[in-house]
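Student: One-letter residues, chain by chain:
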Amino acid sequence: MTEIAAFIAQTIRIAIPYLFAASGGVVAERAGVVSLTLEGFMLTGAFAATLGSFYSGSPWIGVLCGIGGGLLFGLIHAVASIRYRADQIVTGIAINLLAVGLTRFFLLMAFDSSSNSPRVPGFGITGDAASLTGALLRNPLVWLGLMAIPAVAWLVHYTPFGLRVRAVGEHPAAAETLGVPVKRVRYLAVALSGILAGLGGVYLALDQHQFTDSMTAGRGFIALAAIIFGRWEPVRAGLACLLFAAAETLQIQLQGMQGIPSQFVQMIPYVLTIVAVGGFVARSTPPAALGKTED
Amino acid sequence: MTASSLAVRMNGIHKSFGPVRANRGASLEVGTREIHALVGENGAGKSTLMRLLAGLYAPDAGTIEIATPSGEMRDVTGWSTADAIKAGVGMVHQHFMLVRTLTVAENVVLGREPVRGAMLDVARALRDVKALGEQYGLRVEPERLVGELSVGEAQRVEILKTLFRGARILILDEPTAVLSPLEVKELWGVLRRLRDDGATIVLITHKLDEVMDISDRITVMRHGETVARMETRDATPDVIAKAMVGREVALMGTRNEERGSAVDTATSSALVPRSSLSVDTLVVMNRGLRAVDKVSLSVAPGEILGIAGVEGNGQTELIEAIAGLRTVAEGTIRLGDRDVTNASVRARTEAGLAHIPEDRHRRGLVLDYSVADNLILGDQHKYARGARSVWALDDARIGANAQDEIRRFDIRPPESALPARSLSGGNQQKIVIAREMGGSYDVLLASQPTRGVDVGAIEFIHAQIRAAREAGKAILLVSAELSEILALADRVAVMYGGRIVATLPRREATEERLGPLMTGATDTTRPAA
Chain A
1 MTEIAAFIAQ
11 TIRIAIPYLF
21 AASGGVVAER
31 AGVVSLTLEG
41 FMLTGAFAAT
51 LGSFYSGSPW
61 IGVLCGIGGG
71 LLFGLIHAVA
81 SIRYRADQIV
91 TGIAINLLAV
101 GLTRFFLLMA
111 FDSSSNSPRV
121 PGFGITGDAA
131 SLTGALLRNP
141 LVWLGLMAIP
151 AVAWLVHYTP
161 FGLRVRAVGE
171 HPAAAETLGV
181 PVKRVRYLAV
191 ALSGILAGLG
201 GVYLALDQHQ
211 FTDSMTAGRG
221 FIALAAIIFG
231 RWEPVRAGLA
241 CLLFAAAETL
251 QIQLQGMQGI
261 PSQFVQMIPY
271 VLTIVAVGGF
281 VARSTPPAAL
291 GKTED
Chain B
1001 MTASSLAVRM
1011 NGIHKSFGPV
1021 RANRGASLEV
1031 GTREIHALVG
1041 ENGAGKSTLM
1051 RLLAGLYAPD
1061 AGTIEIATPS
1071 GEMRDVTGWS
1081 TADAIKAGVG
1091 MVHQHFMLVR
1101 TLTVAENVVL
1111 GREPVRGAML
1121 DVARALRDVK
1131 ALGEQYGLRV
1141 EPERLVGELS
1151 VGEAQRVEIL
1161 KTLFRGARIL
1171 ILDEPTAVLS
1181 PLEVKELWGV
1191 LRRLRDDGAT
1201 IVLITHKLDE
1211 VMDISDRITV
1221 MRHGETVARM
1231 ETRDATPDVI
1241 AKAMVGREVA
1251 LMGTRNEERG
1261 SAVDTATSSA
1271 LVPRSSLSVD
1281 TLVVMNRGLR
1291 AVDKVSLSVA
1301 PGEILGIAGV
1311 EGNGQTELIE
1321 AIAGLRTVAE
1331 GTIRLGDRDV
1341 TNASVRARTE
1351 AGLAHIPEDR
1361 HRRGLVLDYS
1371 VADNLILGDQ
1381 HKYARGARSV
1391 WALDDARIGA
1401 NAQDEIRRFD
1411 IRPPESALPA
1421 RSLSGGNQQK
1431 IVIAREMGGS
1441 YDVLLASQPT
1451 RGVDVGAIEF
1461 IHAQIRAARE
1471 AGKAILLVSA
1481 ELSEILALAD
1491 RVAVMYGGRI
1501 VATLPRREAT
1511 EERLGPLMTG
1521 ATDTTRPAA
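Each protein sequence line maps, in turn, to chains A and B.
The working numbering puts the first residue of the first sequence at 1, with every later residue one more than the last.
The working numbering puts the first residue of the second sequence at 1001, with every later residue one more than the last.
In isolation and in its complexed conformation, chain A is listed as follows (with noise of 0.2 Å):
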């Protein structure tokens, strides 16, 4: 028993990231911006909740912080990408590099180090090994985290912003010819984007106590997969983030194991990811207007 409660602690810890993610991400593509900038995202919200908790000691400012970060990122790509209709493929790839670059500078420019940052408060317990339930539990961004993709889900199915949403990302000249401001739903569906994902990485970095140097090691790509995964459905990506997140928990709880080089079990969740999105994507339809810049 306790081991199937230790498997779930797990991946729900592993998954609260991706769930953030990916719901943010899930708006912002059903709006028809390409959210391949959900790694930056995230990179820059652990980075600024670092800064904000180290500075202040308070976890709650270093959420505001990451928040904050998430949220610049966010409207930098929303410029780039609906103001200036540059490619969202190239400004998402640019501006995931811009937060590594960034975040490395300011790191060392802070905190003297090329690596990582000291010890950051955040919230639980930490050291404490027996009882990462308890931790989980006591954790604020933990219940946001799950509580994400439901807002998610109703924002986009049950509110006049979301019938919006849904409408510029099929058809933007359809939407515009009813006076729907399209510019400004897709500003706004980027931004939340951007501080959901950001607060993916402020959950990333409190859960750890310190920035290390690109320590989203790629999860954002993993949420993108997720919603492509989900057919942009957002219950459905929030199904496949706990999806992968299991096969995470079982990569870390195989490596344990003889007889299976630690390398193939640490592939689990990239092949997982690669035969979900590349055997089921085929069939799916994304929003008509995804990534057009032409309207």
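No lab work stands behind these hints: they were computed from the structure.
Where hints are given, some of them may not hold.
Over 12 Å on every C-beta distance to chain B, these chain A residues come out as not near it, computed from the model [to be verified]:
id, residue
1, Gly57
2, Ser58
3, Leu155
4, Ser262
5, Gly291
With a Cα cut of at most 25 Å, we get these calculated SDA-like pairs of lysine to any residue [to be verified]:
id, chain 1, residue 1, chain 2, residue 2
6, A, Lys183, B, Thr1101
7, A, Lys292, B, Arg1100
8, B, Lys1185, B, His1095
9, A, Lys292, A, Asn116
10, A, Lys183, B, Arg1100
11, B, Lys1294, B, Val1345
12, A, Lys183, B, Thr1081
13, A, Lys292, B, Leu1367
14, B, Lys1130, B, Thr1101
15, B, Lys1086, A, Ala173
16, A, Lys183, B, His1095
17, A, Lys183, B, Asp1197
18, A, Lys292, B, Leu1056
Partner residues aside, some chain A positions facing chain B, computed with beta carbon under 8 Å [to be verified]:
id, residue
19, Ala174
20, Glu176
21, Lys183
Because the structure is a prediction, the values reported are computed rather than measured.
The beta-carbon is built from N, C-alpha and C at its ideal position, and this holds for glycine as well.
Got chain A; can you put chain B on it based on the hints?
Tutor: For chain B alone, coordinates are given in the frame of chain A:
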């Protein structure tokens, strides 16, 4: 009645898109409570003028005024779509502006959503849309997905969208292009009801029978300018056509004369020995449904078989199956005595098949390719440099071919290097016609050959098709325009629900008889063929 009071006044309107001058000094005056036809050839600037009125673009010069509720004219030049909607101006676009993944109700309320708290009030949206539809006789189920609607229903959604926003000035851009005769009648009923209710309607069209049928007044545009204004009761189709084109034209209304009965007798028997195209109990599936359901037909050399029917009754799938673009589930397709049921498109072309596809943008042209390159698409292997080289195209021969076909088919402007995108719809269609009919072939599939092209081009394309018949080609014609079928075909087959429900010789094919067949009523005078 205040028929004389103005609802819209546009003056000295100029609008350019890059080098293209869509409007140059155009003007328009529309009275309240009138149905105003805005006519002109394709590229005359009608749609641009109306988009300026609807706030989609701002004019480069000129003024736009609309009447306030108190009857005064208010300058609204350069306003936004949101302003236009607020002032009661609504536009139904030629290409539907509908979000296919949303429901009818969601499409209608988008941008003006009813809310309950922070939530979208779905129940109220459904109720309001239903009530509005019933009020104006626009039948459509509000909870259905727009992607599943027929074109006629989609158009009703478009009209509902404008009415939901309280439109008092309603602009319709070529609304009948996609409708069956019955649906057109219904639409006229709706428009008359709206007018009698106090609305002002501007109808963009180039179909003169419609103009005569429905409008109260007419404005004619040519080359971006307003060239004539008239009262419909004082106008005749000839006068309007002359103003549109700037010269005398032979109108499509000149019906196909009955030709010798040789063809009729040859094809009315069950066995057709000398048919160039024969299709036997063909079944074609589309999304799990039998889009074409056991269709048999044959076309003899020197004959035009016209397929009438409301769009979406299997015509597209039938033509694409014959052309080799869709898989055949059952049945056979023969060209002459050759079975091509499973042959490649190239093999069919070599067996003598030519195909004018229904959608020139999707299937007919590569819009960003030059006119010259579009003219050799499908034949590119014949334009390799040297005898056997497959490595390079022979630009000299491609250019010569283009010059020749541009001259023969009167493609304008006569510049083979221009991208096809920059030509007008009519001239784009002429590229397709030139490519398909310029070479050698025995069987022609002509699907909507004159859709969205102007009167002059229709006249030209019809002449080409008639000439092909005289030259002994077998022609299968599909058109949503009944008048086109009646103008060209020797025999008329009616498709409904994937089947051919009747085949009539031309002399028996009247609008009165075909209309009900097209909507699924059984023909009482003759059993289905």
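Student: Hint by hint, say whether it matches the structure.
Tutor: Checked hints:
no.: 1; hint: Gly57; verdict: holds (36 Å)
no.: 2; hint: Ser58; verdict: holds (31 Å)
no.: 3; hint: Leu155; verdict: violated (9 Å)
no.: 4; hint: Ser262; verdict: holds (45 Å)
no.: 5; hint: Gly291; verdict: holds (17 Å)
no.: 6; hint: A:Lys183 x B:Thr1101; verdict: holds (20 Å)
no.: 7; hint: A:Lys292 x B:Arg1100; verdict: holds (17 Å)
no.: 8; hint: B:Lys1185 x B:His1095; verdict: holds (21 Å)
no.: 9; hint: A:Lys292 x A:Asn116; verdict: violated (38 Å)
no.: 10; hint: A:Lys183 x B:Arg1100; verdict: holds (20 Å)
no.: 11; hint: B:Lys1294 x B:Val1345; verdict: holds (22 Å)
no.: 12; hint: A:Lys183 x B:Thr1081; verdict: holds (14 Å)
no.: 13; hint: A:Lys292 x B:Leu1367; verdict: holds (18 Å)
no.: 14; hint: B:Lys1130 x B:Thr1101; verdict: holds (19 Å)
no.: 15; hint: B:Lys1086 x A:Ala173; verdict: holds (18 Å)
no.: 16; hint: A:Lys183 x B:His1095; verdict: holds (22 Å)
no.: 17; hint: A:Lys183 x B:Asp1197; verdict: violated (36 Å)
no.: 18; hint: A:Lys292 x B:Leu1056; verdict: holds (20 Å)
no.: 19; hint: Ala174; verdict: holds (4 Å)
no.: 20; hint: Glu176; verdict: holds (7 Å)
no.: 21; hint: Lys183; verdict: violated (13 Å)
Of the numbered hints listed earlier, those contradicted by the structure are 3, 9, 17, 21.
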